[in-house]
Amino acid sequence: MSFKINLLICFFILHLWAAAGHKIGIYEIKKGDFSVKVTNYGARIISVLLPDKNGKIGDVVLGYDTIGEYVNDTSSFGAIVGRVANRIGGARFTLNGTLYKLIANDGENTIHGGPKGFGHVVWKVSKYKKDGPHPRITLTYHSTDGEQGFPGVLLASVTYALEDPYKLSVVMKAKALNKATPVNLAQHAYWNLGGHNSGDILSNDIQIFASHITPLDQHFIPTGKIAPVKNTPYDFLKPRKVGSQFKKLQNGYDINYPLDSTEKLKPTAIVRDKKSGRVMSLQTTAPAVQLYTANTLVKKGKGGFVYQPYSAICLETQGFPDAVNHPNFPSTIVTPENPYFHKMLFTLSKIVVVPVLDSSKCSTFAVSDTHPSGFLKSPSIAFLRTNQSVYLYCFSVTGQNVGVYEIKKGDFSVKVTNYGARIISVFLPDKHGETGDVVLGYDTIEEYKNDTTSFGALLGRVANRIGGAQFTMNGTLYKLVANDGVNTLHGGIKGFSRVVWNVSKYQQDGPYPHITLTYHSADGEEGFPGDLLVSVTYALKNPYKLSVVMKAKALNKATPVNLAQHSYWNLGGHNSGNILSNVVQIFASHITPVDQSLIPTGEISPVKNTPYNFLKPREVGSQIKELQSGYDINYVVDSTEKMKPVAIVYDEKSGRVMDVQASAPGVQFYTANSLNQKGKGGYVYQPHAALCFETQGFPDAVNHPNFPPTIVTPGKAYVHKMLYTFSITKYWNSY
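Going left to right, the sequence shown walks through residues -21 to -1, 1 to 714 as mature numbering (1 follows the signal peptide of the UniProt record, and there is no 0) numbers them.
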């Protein structure tokens, strides 16, 4: 009977709140296999679904199955807590000479804004976009003057947004309309990267970028001191297991850490779950973070699973607790003139563990990048100590910031972005000394994210096409993601060109300008087997030489690898029109013919007496009318040298010459046949506006045993070198 009465009361309360004008609902924002569900009851995150290292999707936040359970929740699962998160001692404070008495709901103190704080009200959904380029939801709440004892009318909002790749942004704002008032909003998700029902988090590794805490009294109210963590169980400056010093604590972690960084968006913490391989990196604009390990949790949650103490980690970025009663703490007072702003950025990724004895062993794929204080700028390397040894964890953080990096040598300049490891500009002089950009591309990173042409990209795991989007290796049939009819092109929908690479080395100028980018491709990504560590180094050499070195290492399974650099070259300048008058020579006497779907037939045919014969230099357009649309074919390079002469291109108007050499056995010659794209400076690129020389292994080699193999095994690394040499000449014969 009591259960029925409670249920009726619950529905009555829900009815009243809904009648106030805001219906309670559940809203999903989704980007590929990354999904977050939110309810406007308490502006709560109720699920976060993402893949583990094996590609298995799991929910990594604790919660309930029904809204009714959230209404009765005492744990603040996933809630936006406020008006003031954490505790206020004695449920009171004095502001501008006035004593404000709040509603106590934690003994004599107020916690998370009172019994009807922001986690127990219905928010209004003001903006909502489920998917597309910018999935997001904005929720707003009007907190009245005197609500829970707080002064003044306050307008609060929170925006949850998904960003590429696997980033969850949380932006909290508040505006005091008529009175000064304390504001300290926090997002209170309970994280378990192994899965909400995977047990405790004591074996999780955690690093917190904070060298101090704010100690508490017996009621969890700050004493006002700021104490160092050195030689205490609270020291997580170096990564270690959550439970490694639990015995020194009374009941787990529930403490505020003032963050060390003075940056606007501060590195806050990194959490790693070894079993799932998931890693969560957190940044914030707030001055502090509360670490809480769900110490007293005993709660029936999703799917009937009973959550026990230490089932989750909470990382609640915030202002200092009880700051209204401690003048030495950063102020949390918001006035009508100074609105409140608080951003969090969760970056989810996967980790590959490589036990080594020193960091140099990891330098090929990741190097530590530190602040002057010694803390990691980005979690590309983390150290974990045991009694026996030091382990260096090299991993690719999928949430690296996207940037543009220039390498420069005199009047020779190349710009690269780590989105897709792309070359986005190549500037060099023509025969008149005028510098011009000789690769096609866009003006903004956003345009590259929407790109379908692979402008300047590093293609993989397997460049070019795989017929039927499948192959058999060692008796196992692997089915890939088809993105070109029934075939796979350039590694799939995402491939390596639509991921964010880690910048591991960068020297802008000097004797050896270069940049090295790295990427960890997970087992099962786009259907390919095994974890793969990939790197590309772009470097400038004298005179006017651009070197491209692509490397890959299979960590645990054999896998096909065929990387290619896909720049679109127009030596006359990216906006100079078509390349049909360019003179080209290709050092290859055979091609691999293709069927109507552009899949190799398996034959290797001579170019003699065909339009494909460029053994002697001639204009690109001289026989193009004999082809259906233009050139898009793989040439078998004749040379058996380690660095093979591949091709030479000459543009008479500019006088520029490009010589291409490579260690790969083939080169795809492509004349941008179907191009119709608005590019740099608004210029519209038309068909035949560029040449591509994609040195590579043979296309679809995994399905043609007579082609050179493209399989890479854990014991044998992949290396592919290209060398572009630029020069100027007035006449082809003089070159």
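If you are wondering where the hints come from, they were derived from the structure by calculation, not from laboratory data. Be aware that one or more of the hints could be misleading.
[Claimed, not checked] Pairs of lysine to any residue, SDA-like flavour, derived with a Cα cap of 25 Å:
| hint | residue 1 | residue 2 |
| --- | --- | --- |
| 1 | Lys524 | Lys621 |
| 2 | Lys2 | Thr314 |
| 3 | Lys158 | Thr314 |
Fair warning: this is a prediction, and the values are worked out from it, not measured in the lab.
Evaluated hints:
1. Lys524 / Lys621: Holds, because 18 Å separates the two Cα atoms, which is no more than 25 Å.
2. Lys2 / Thr314: Not OK: lysine 2 and threonine 314 at ~31 Å, beyond 25 Å, violated.
3. Lys158 / Thr314: 6 Å, holds
When the structure is compared with the earlier hints, a violation turns up for hint 2 alone.
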